[in-house]
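Dock chain B against the given chain A, drawing on the hints supplied.
Quick note, the sequences are listed as chains A and B, same order. Sequential numbering of the first sequence, starting at 1, is according to my numbering. Sequential numbering of the second sequence, starting at 1, is according to my numbering.
Simulated from the structure, these hints should not be mistaken for laboratory data. On a predicted model such as this, the values are computed, not experimentally measured, just so you know. Watch out, some of these pointers could steer you wrong.
Said to hold, decoys possible - With a Cα cut of at most 27 Å, we get these calculated DSS-like pairs of lysine-lysine:
no., chain 1, residue 1, chain 2, residue 2
1, A, 136, B, 88
2, A, 119, B, 88
3, A, 251, A, 238
4, A, 366, A, 379
Now for the letters of each chain:
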Amino acid sequence: MFKKALLAGVAASALITGTAMAEGLSGDKVVVGVLTDLSGVYADIAGKGSIAAAEMAVADYGGTVLGKPIEILSADHQNKPDIASTIAREWIDAQGADVIVDLVTSSVGLAVQGIGGEKGVVTINSGAATVRLTQKECTATGFHWIYDTYSLAHVTSPAVIAEGGDSWYIITADYAFGHSLEADAASVIAEKGATLVGTVRHPFPSADLSSYLLQAQASGAKVIGFANAGQDTINSVKQASEFGIVAGGQKLVALLAFLSDIHSIGLELGQGLNVTTGFYWNMDDETRAFAERFNEKVGRMPTMVQASVYSSTLHYLKAVEAAGTDDGATVAAKMKEMPVKDAVVHDGTIAANGRMIHDMYLMEVKKPEESTGEWDVYKLVRTVPGAEAFQDPKESGCALVE
Amino acid sequence: MSVKYSTTPSGTVTGRFSGRASLIIGAILIVALLAAPYVLYPAFVMKALCFALFACAFNLVLGFVGLLSFGHAAFFGAAAYATGYSAKFFGLTPELSILFGGLVGGVFGFVFGWVAIRRQGIYFAMITLALSQMVFFLALQVTGITGGEDGLQGVPRGELFGLISLDEPLVMYYFVVAVFLICFAFIWRVVNSPFGAVLKSIRENEPRAISLGYNVDRFKLIAFTLSAALTGVAGGTKALTVQLASLTDVQWQMSGEVILMTLLGGVGTLVGPAVGATLVVSLENFLATSGLPVTTVIGVIFVVCVLVFRRGIVGEFNAFLGRRKH
Numbered sequence: 001m002f003k004k005a006l007l008a009g010v011a012a013s014a015l016i017t018g019t020a021m022a023e024g025l026s027g028d029k030v031v032v033g034v035l036t037d038l039s040g041v042y043a044d045i046a047g048k049g050s051i052a053a054a055e056m057a058v059a060d061y062g063g064t065v066l067g068k069p070i071e072i073l074s075a076d077h078q079n080k081p082d083i084a085s086t087i088a089r090e091w092i093d094a095q096g097a098d099v100i101v102d103l104v105t106s107s108v109g110l111a112v113q114g115i116g117g118e119k120g121v122v123t124i125n126s127g128a129a130t131v132r133l134t135q136k137e138c139t140a141t142g143f144h145w146i147y148d149t150y151s152l153a154h155v156t157s158p159a160v161i162a163e164g165g166d167s168w169y170i171i172t173a174d175y176a177f178g179h180s181l182e183a184d185a186a187s188v189i190a191e192k193g194a195t196l197v198g199t200v201r202h203p204f205p206s207a208d209l210s211s212y213l214l215q216a217q218a219s220g221a222k223v224i225g226f227a228n229a230g231q232d233t234i235n236s237v238k239q240a241s242e243f244g245i246v247a248g249g250q251k252l253v254a255l256l257a258f259l260s261d262i263h264s265i266g267l268e269l270g271q272g273l274n275v276t277t278g279f280y281w282n283m284d285d286e287t288r289a290f291a292e293r294f295n296e297k298v299g300r301m302p303t304m305v306q307a308s309v310y311s312s313t314l315h316y317l318k319a320v321e322a323a324g325t326d327d328g329a330t331v332a333a334k335m336k337e338m339p340v341k342d343a344v345v346h347d348g349t350i351a352a353n354g355r356m357i358h359d360m361y362l363m364e365v366k367k368p369e370e371s372t373g374e375w376d377v378y379k380l381v382r383t384v385p386g387a388e389a390f391q392d393p394k395e396s397g398c399a400l401v402e
Numbered sequence: 001m002s003v004k005y006s007t008t009p010s011g012t013v014t015g016r017f018s019g020r021a022s023l024i025i026g027a028i029l030i031v032a033l034l035a036a037p038y039v040l041y042p043a044f045v046m047k048a049l050c051f052a053l054f055a056c057a058f059n060l061v062l063g064f065v066g067l068l069s070f071g072h073a074a075f076f077g078a079a080a081y082a083t084g085y086s087a088k089f090f091g092l093t094p095e096l097s098i099l100f101g102g103l104v105g106g107v108f109g110f111v112f113g114w115v116a117i118r119r120q121g122i123y124f125a126m127i128t129l130a131l132s133q134m135v136f137f138l139a140l141q142v143t144g145i146t147g148g149e150d151g152l153q154g155v156p157r158g159e160l161f162g163l164i165s166l167d168e169p170l171v172m173y174y175f176v177v178a179v180f181l182i183c184f185a186f187i188w189r190v191v192n193s194p195f196g197a198v199l200k201s202i203r204e205n206e207p208r209a210i211s212l213g214y215n216v217d218r219f220k221l222i223a224f225t226l227s228a229a230l231t232g233v234a235g236g237t238k239a240l241t242v243q244l245a246s247l248t249d250v251q252w253q254m255s256g257e258v259i260l261m262t263l264l265g266g267v268g269t270l271v272g273p274a275v276g277a278t279l280v281v282s283l284e285n286f287l288a289t290s291g292l293p294v295t296t297v298i299g300v301i302f303v304v305c306v307l308v309f310r311r312g313i314v315g316e317f318n319a320f321l322g323r324r325k326h
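With the rest of the complex left out, here is chain A (with noise of 0.2 Å):
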């Protein structure tokens, strides 16, 4: 009797992964899960705010696609890889879930996009920061939005090297993003023809940074960079400003900042430095328009990472009512053909390893004089094109790059 049970379950599954190929629209609705972290360091980057996006790039769509209505899940995987795999397994097997975004932290990402890519469901990674996700672990249904290491490194230096400042030291946090942070730096510091003063590693996370700070500031470099994030990077900039390091005339470089990172440290110690970014949302109307809409149901402006999650839930959309199916292949295939244009991202293109390509802009932030508002931070240095900022999908090494 037992086996017949196993039977019956394992031809209950086959069906099920059968009707799922089928044409038109799998359940009669489309469903987004966003899968993002409510209480952890995360939830001032993404959390609320990334579910708040998804609402609105569903409520902006029209709230139906294809003539059938839009559903949003979303969850709080705590940062930990494995409940987030649980929950988007059982979103996908059980609810039906089509499209999963967010995914901030980069191991969740990289294990949600793995099993979106085994059972064929798109996920558009918004918050990771890994540029793993499109190199060897690409996926045929795997996206990365916004930003990643690599732009990181290559918008920041090149642009500040281009405004004079050629010799470098870097504080790096001691942890994989912080070394692959760090190496790129270097190697686009080398490439640049500018010189590394030197480097030096912290704990992560750490709270008093001073000794690497003095150091970096007796070193002599012209521009201290800051290979590290969160709550670590917050600490390095209120600190730098306690030694007078902006005052001596040397300058900060922050080489993952998020809005709502600025506006926690504030103006008046974080005056001069420089972030690099993929959305701002004080750049144009249309920027603007979003901005404040998003204030308005969220009581904050959108960082970069929120920004991405309503783009590419937007995105996602268009390519299902475009392909006349939510086949996750078929889906993601005319992601990749069409543009990307909305009011976050204005000009963007998708390569074939999932990397979507757009402009990336140098910021530097404001002094508090200068600053019209509470969130009125950053003023552009440098609109770094998408060609310049991101790796070139051929030397990905994603095995979907031809």
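Using the frame of chain A, we list chain B on its own:
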């Protein structure tokens, strides 16, 4: 070592029920496990089983020897990496890679135990914590094996004995159930053996056990190594189940989580840790989609548990049955 209980521990666990009642309850649980994937989502039950095994293995030292280890995440995580790596890069079959995980867990456990067993109480806990932090640091730095914070991804489930593919969720499910039941039976056998009786005597009164001529340190070390090896099997099975191993597994929070599971379910009872683990994993999973702050809710539940029923869920249940008998 002196983890004191406010209540008298129950002596042998089977003592609560008559032999027949235990058999019936056991049979019901096994049937429930076999039927579960038709009611619940299998991937979720598998994960719960892995953590249940982890908690049961942990309980072997906390509940039956009275050693509070704060380093079990190291065994769990190291084994998860070992199993994942050997399955992915050496092409080991799942049963061999899990055994390899168990072996790695056991070796780490032997080394940890050998260093820490000489100390008692809080010092023992701190030494195990310090050693496990070293393992965490290695996991963070040796990115060639562990992938650093990206984790070891895409672990293949492989083919059982080289014959049966575990990619089918139901087949994998029954494989995990089998691993769990075998290990659980092993723990039951250890606890209800003369060896187990010596362990419990050490927990109750260590100086007396020494005066009776037992080499207490050796018994502790064997128990600790066994617990670590079983924890390794749990970690390895988890790596194959969720197909990844990550820093979450080896972080000190994981050591805390397993203590939480064990205390919630009932320390020193056989099924208690499994119940506690299932509860915590379910909460993590179901609260994830609820919009409530997960860690806060689990914290509140823990506080309530410790204040209201200190023997844990199963411990209180046993005590209730005991009261009715007398």
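Hint by hint, where does the structure go against what was stated? Just the numbers, ascending. none
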